[in-house]
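Could you put together the complete structure from these sequences and hints?
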Amino acid sequence: MFYFEDVVVGEPVETPALTLTEAHMVRYAGLAGEWEPRSTDEVVSRRSESGGRVIPDLLPLCISSGLGWRVPKSPLAVLAFMGFEWKFSLPLRIGDTIRSRSRTVAKRSMKDGGVVVEEREILNQRGEVVQSGRLTLLVAKRPRK
Amino acid sequence: MPGEDRRYFDEIQVGEEYVSPGRTVTEADIVIFAGLSGDYNVLHTDAEFMKGSVFGERIAHGLLGLAIQSGLLTRGMRPFATIAFLGLRWKFKGPIKIGDTITVRAKVLEKRETSKPDRGIITLQRQVLNQKGEVVQEGETDVMVERRPR
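Residue numbers (numbering that gives the first Met the number 0), protein chains in the order written: chain A, 0 to 144; chain B, 0 to 149.
Errors might be hidden in some of the hints.
Footprint (simulated), chain A over chain B, 3 or more residues, beta carbon under 8 Å [said to hold, decoys possible]:
#, segment
1, 19–26
2, 33–40
3, 58–67
4, 117–123
Cut-off 27 Å, straight-line C-alpha distance, at most; resulting in silico cross-link-like pairs (DSSO-like, lysine-lysine) [as the list claims (entries may be wrong)]:
#, chain 1, residue 1, chain 2, residue 2
5, A, LYS140, B, LYS92
6, A, LYS106, B, LYS92
7, A, LYS144, A, LYS110
8, B, LYS106, B, LYS131
9, B, LYS90, A, LYS110
10, B, LYS92, A, LYS86
11, B, LYS92, A, LYS110
12, A, LYS86, A, LYS110
13, B, LYS96, A, LYS110
14, B, LYS50, A, LYS72
15, A, LYS86, B, LYS106
16, A, LYS86, A, LYS106
17, A, LYS144, B, LYS96
18, B, LYS96, B, LYS50
19, A, LYS110, B, LYS50
20, B, LYS106, B, LYS50
21, B, LYS92, B, LYS50
22, B, LYS90, B, LYS50
23, A, LYS140, B, LYS131
24, A, LYS140, B, LYS50
25, A, LYS140, B, LYS96
26, B, LYS50, A, LYS86
27, A, LYS86, B, LYS115
28, B, LYS131, B, LYS92
If you want a taste of the chain A side facing chain B, the calculated C-beta under 10 Å gives, among others [to be verified]:
#, residue
29, ALA28
30, ARG37
31, GLU48
32, ASP56
33, PRO71
34, LEU75
35, PHE83
36, TRP85
Hints in this document: simulated from the structure, not taken from any laboratory. Remember, it's a predicted structure, so these values are computed and weren't measured experimentally. Note that CB positions come from ideal geometry on N, CA and C, so glycine has one too.
This is the structure we're talking about:
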């Protein structure tokens, strides 16, 4: 386990990449129960600015948290996800490949655990930042022996 | 975009409120979300480990709650003529446990014109409540909405 004490401020972490498929999109729509025409209606979305279905905006964010766990290091002892601020800059389409880049920008010790603030960017295959923001996590301290 | 039912920026009033139906969050939701996101953190997937945690059991991913509320609210309001989702500010205030039933309450907080005359920004304040009336998540979402074509 990677505890609060092990978190280094400023150290960049880059995740493996993942190609977004139609299957991701359909599964997400079913799970969330969200059928925005922008993501589920090819006829309507083709006539719009996007020129076709776009990936539901929250899906890449969800996938970025999974990608984070695939970085080869011991898992962070997360006690709770406290909150975040997030910006959507560019749409993603089926076939786009995303990865995420993050670094800890602040850590604050508390009585039980500590707060870690992470800056995260999601990049597409061209290296463009498509989504970005700041996440706040509560992380466990190393148990005393 | 077609769809006569969609509401334009001009028609949406600050202070409007919406309430979603309820939805019971199940173990299956968590399993599917873990598979889709790749987030298999013990908080959501290891029942034995979680017996010893402050929660006492597995909890739903925070982002699963966020995704579900997003879909849930679409069932409680007429859709906006949304061009894009711009961003959000969000707080996870309490756990969503297997079997909890959540509802979403939302309110139009702000309308802002943009430099482009054919669209505006709407900020919605949202609260996700469990069956006990406790706010488990809350925040604000910003969407870009079309103005009525002239």
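Results of checking the hints against the structure:
1. 19–26: violated (count 1)
2. 33–40: The restraint on the segment 33–40 of chain B holds, since 6 of its residues have a Cβ under 8 Å from chain A and three suffice.
3. 58–67: holds (count 7)
4. 117–123: With 0 residues closer than 8 Å to chain A, the segment 117–123 of chain B misses the three-residue bar; violated.
5. A/LYS140 <-> B/LYS92: holds, 21 Å
6. A/LYS106 <-> B/LYS92: holds, 20 Å
7. A/LYS144 <-> A/LYS110: holds, 17 Å
8. B/LYS106 <-> B/LYS131: Roughly 21 Å between the alpha carbons, so the hint for B/LYS106 and B/LYS131 holds.
9. B/LYS90 <-> A/LYS110: Holds: B/LYS90 and A/LYS110 sit about 21 Å apart, inside 27 Å.
10. B/LYS92 <-> A/LYS86: Measuring from Cα to Cα gives roughly 21 Å; hence the hint holds.
11. B/LYS92 <-> A/LYS110: holds, 18 Å
12. A/LYS86 <-> A/LYS110: Roughly 32 Å between the alpha carbons, so the hint for A/LYS86 and A/LYS110 is violated.
13. B/LYS96 <-> A/LYS110: Holds - the C-alpha atoms of A/LYS110 and B/LYS96 are around 25 Å apart, at most 27 Å.
14. B/LYS50 <-> A/LYS72: holds, 25 Å
15. A/LYS86 <-> B/LYS106: holds, 20 Å
16. A/LYS86 <-> A/LYS106: Status holds; Cα separation ~22 Å.
17. A/LYS144 <-> B/LYS96: violated, 31 Å
18. B/LYS96 <-> B/LYS50: holds, 13 Å
19. A/LYS110 <-> B/LYS50: Judged against 27 Å, a Cα distance of about 22 Å means the pair holds.
20. B/LYS106 <-> B/LYS50: violated, 37 Å
21. B/LYS92 <-> B/LYS50: Between B/LYS92 and B/LYS50 the Cα gap is close to 20 Å, so the pair holds against 27 Å.
22. B/LYS90 <-> B/LYS50: With Cα atoms ~25 Å apart, B/LYS90 and B/LYS50 stay inside 27 Å; holds.
23. A/LYS140 <-> B/LYS131: violated, 31 Å
24. A/LYS140 <-> B/LYS50: holds, 19 Å
25. A/LYS140 <-> B/LYS96: The given pair, whose Cα atoms are some 24 Å apart, holds under the 27 Å limit.
26. B/LYS50 <-> A/LYS86: violated, 36 Å
27. A/LYS86 <-> B/LYS115: Between A/LYS86 and B/LYS115 the Cα gap is close to 20 Å, so the pair holds against 27 Å.
28. B/LYS131 <-> B/LYS92: holds, 14 Å
29. ALA28: For A/ALA28, the interface hint holds, since the closest Cβ of chain B sits about 8 Å away, which is under 10 Å.
30. ARG37: Result: holds, 7 Å to nearest chain B Cβ.
31. GLU48: holds, 7 Å
32. ASP56: Constraint on A/ASP56 satisfied, holds at 4 Å.
33. PRO71: Check failed: Cβ of A/PRO71 comes no nearer than 14 Å to chain B, outside 10 Å.
34. LEU75: holds, 9 Å
35. PHE83: holds, 6 Å
36. TRP85: Given a least distance of 5 Å, the restraint on A/TRP85 holds.
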